[in-house]
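Protein chains in written order, with this note's numbering: chain A, 1 to 267; chain B, 1001 to 1437.
Just so you know, these hints were derived from the structure itself, not from any lab. Every residue, glycine too, gets a C-beta built ideally from N, C-alpha and C. Keep in mind that the hints are not guaranteed to be accurate.
[As the list claims (entries may be wrong)] Covered stretches of chain A, as calculated for chain B (at least 3 residues, CB under 8 Å):
{"#": "1", "stretch": "14-21"}
{"#": "2", "stretch": "97-106"}
{"#": "3", "stretch": "251-265"}
[To be verified] Below, simulated SDA-like cross-link-like pairs (lysine to any residue); rule was C-alpha separation at most 20 Å, straight line:
{"#": "4", "chain 1": "A", "residue 1": "105", "chain 2": "B", "residue 2": "1091"}
{"#": "5", "chain 1": "A", "residue 1": "261", "chain 2": "B", "residue 2": "1078"}
{"#": "6", "chain 1": "A", "residue 1": "261", "chain 2": "B", "residue 2": "1231"}
{"#": "7", "chain 1": "A", "residue 1": "105", "chain 2": "B", "residue 2": "1241"}
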Amino acid sequence: MSVLLKPWADLYRQRNLIRLMVSRDLVGRYRGSFAGLLWTVVNPLALLAIYWFVFAVIFKVRFGPQGTSTNFVFYVFAGLLPWLAFSEALVRSNTCILENVNLVKKVVFPLEILPVNHVLSSCVNSLVGIFLLLLLVAASLGVLHWTLVLLPMILLPQLLLTVGIGWFLASLGVFIRDINHIINLVLTIWLFLTPIVYPEQIVPETLLPVLRLNPFTSVVAGYRNILLEGVPPDIGQWLYLVVVSLTAFFLGYRWFLHSKKAFADVI
Amino acid sequence: MSSNRCAVELAKVSKIYKLYERPADRLKEALLRGRKTYHQDFWALRDVSLSIAEGTTMAIVGANGSGKSTLLQLVAGILQPSTGNLRVAGRVAALLELGAGFNPEHTGRENIYINGAILGIDPDEMRERLDAIIRFADIGEFVDRPVKTYSTGMYIRLAFAIAINVDPEILLIDEALSVGDMYFQHRCLNKIYELQAKGKTILFVSHDPAFVVTLASRAAWLHEGQLLDCGNPEKIVSQYTAAVAKRELRERRRTEASPTPTTTPEDRAPESAAAAVETTIPNVDVRYGNQRAQILGLGVYDEKGNRIHCAESGQTIRIRISVHFKEAVEQPVIGFMIKNRIGLYLTGTNTSLEGHLIPPQAKGNICTAEFRLQPPQLSVGNYSFAVAVCEGSQEDIAIVDWIENAYVLEIVTLTVVHGLLRIPCQVEVKEHQHHPV
């Protein structure tokens, strides 16, 4: 049992440091830039525009029951937001140890919180985007779905999954520098293996099991269920997501703690 | 104050680094799981056993690469020992590299809070200490500017201020004491005395014998990863400085060994000055003069005639300068000047000033002047010698050959020297009891 409690207890002990560093990261990201916080939404909106042009206008991909252009924008945006938070946190986690050599070699620092900081900081950005999406939905439909309150049900497993993989990548990044180059490629493949820019319905029957194995399929489906369709997430898919996330979280933490002892020797 | 409880205890601790020629070798070895080794072992520390009682101030001395910093990093918990046991009881604040935990983009204030949180102090508690830290660091309004805009001095002061104001039970300091301006050093020393009085354990690395002797209650001497000795700081420092001087001498002898047969044996100054000619000039930074005569060489010896590069403060020094006259010189004068490490002329003299008039020298003559100095106790550091030949009288003098920074002598001392030097002094204290003021 103590094995299951340890990560939580450790992270709780560092709550002040995490809070300080995350808020500092958010402030620092936009300090000195003209548009400031606006960039948080400009980037996903720009990506959204590109995907809309390529997939909705050129390939005529349709989402949802009505299959309108507005629907496409909402569906892709709802899937893109968690994905961007996920991939950004992973890319940053991968280099976070190497970028903080001083914290490894010169001071006693709880290194395990570095990936956590990145996950939380990109989650905050993602929440800004979700807020914008809700405004758009409310403006176009005139109402918001009650299922909105179920957001933590999807968000929490999503964060655990990201942190778990983040710990693996942070640790591997120290030992195998090539990961840095591979990660963007893998993330691009992963993005297209997730039904974000196309609906699950148009995927060939034979490929569906592969798509279902991908835990992020459940995350994206969950966001769409809750924010756009007003139905609770599919319980089977959700349970699968929770199991995979918790497994990644605990294994990632154990791996990180185990390998962290060697960081100072390798860097 | 000094109880028997151990604050830090090392039992046969070793730190081995595996050195790989290529990063891929590390992976290969991990995959083969010990069936074949690709690495070479480097022992940064070997079987070090040391226990530091609570309330002790322990100094660690040793040459570069002797494992001092590794030892501190182990105690701080940054490195894990390869073998052996290490036990540390209490909150550790480490100043291993000043300001290493700082993020240069963050302001001083943000760094104070984050550093506090790293040491496990919550922001509320840190807020209470904020004023004390800012006052100690003396950085004024800079506290709200990014740390990257700080001068080195401010950076160091802030780091030090945080480390000693977070109430550590064990304070580790790696060669940090010798930085900062004099006022700040003074303030730091006072704070360290304060921590000592509170019974805190302090472990520091210093190359400055004066610091070791004045601050530490015990000292440990590391040499190539092994603990050579541990005990009374005065004893350890004198052993250590003697070993350093001996090694420097050996190395100098090796590099100075001149192939010319005219060289006199290096180690001993010949008893009769007339027979011995100094033939080596260890260093030439700037050389000028009319070159009607040339300095052939110089040597610095102790009283017994051993060539020295390191002298104890206050000991007798003999300086010998040999000059070759290329032309006839009517009134030659041979002399030297001594500068301290910041380039301040400390003293200097010459044959004429000391009342020794050298007779006119014919072309081709060689002569050697020997000066016996009884210097006062000088503060520790490197002293640089400029040597010169001139001609003429004190009133009307021409420089024939002047060599700047020709020789460097290191002065070490076990006693405290305030300022540049210590002058002989007698003290008498009378107590006036019941005396109306």
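Numbered hints the structure breaks, given as an ascending list:
6 and 7
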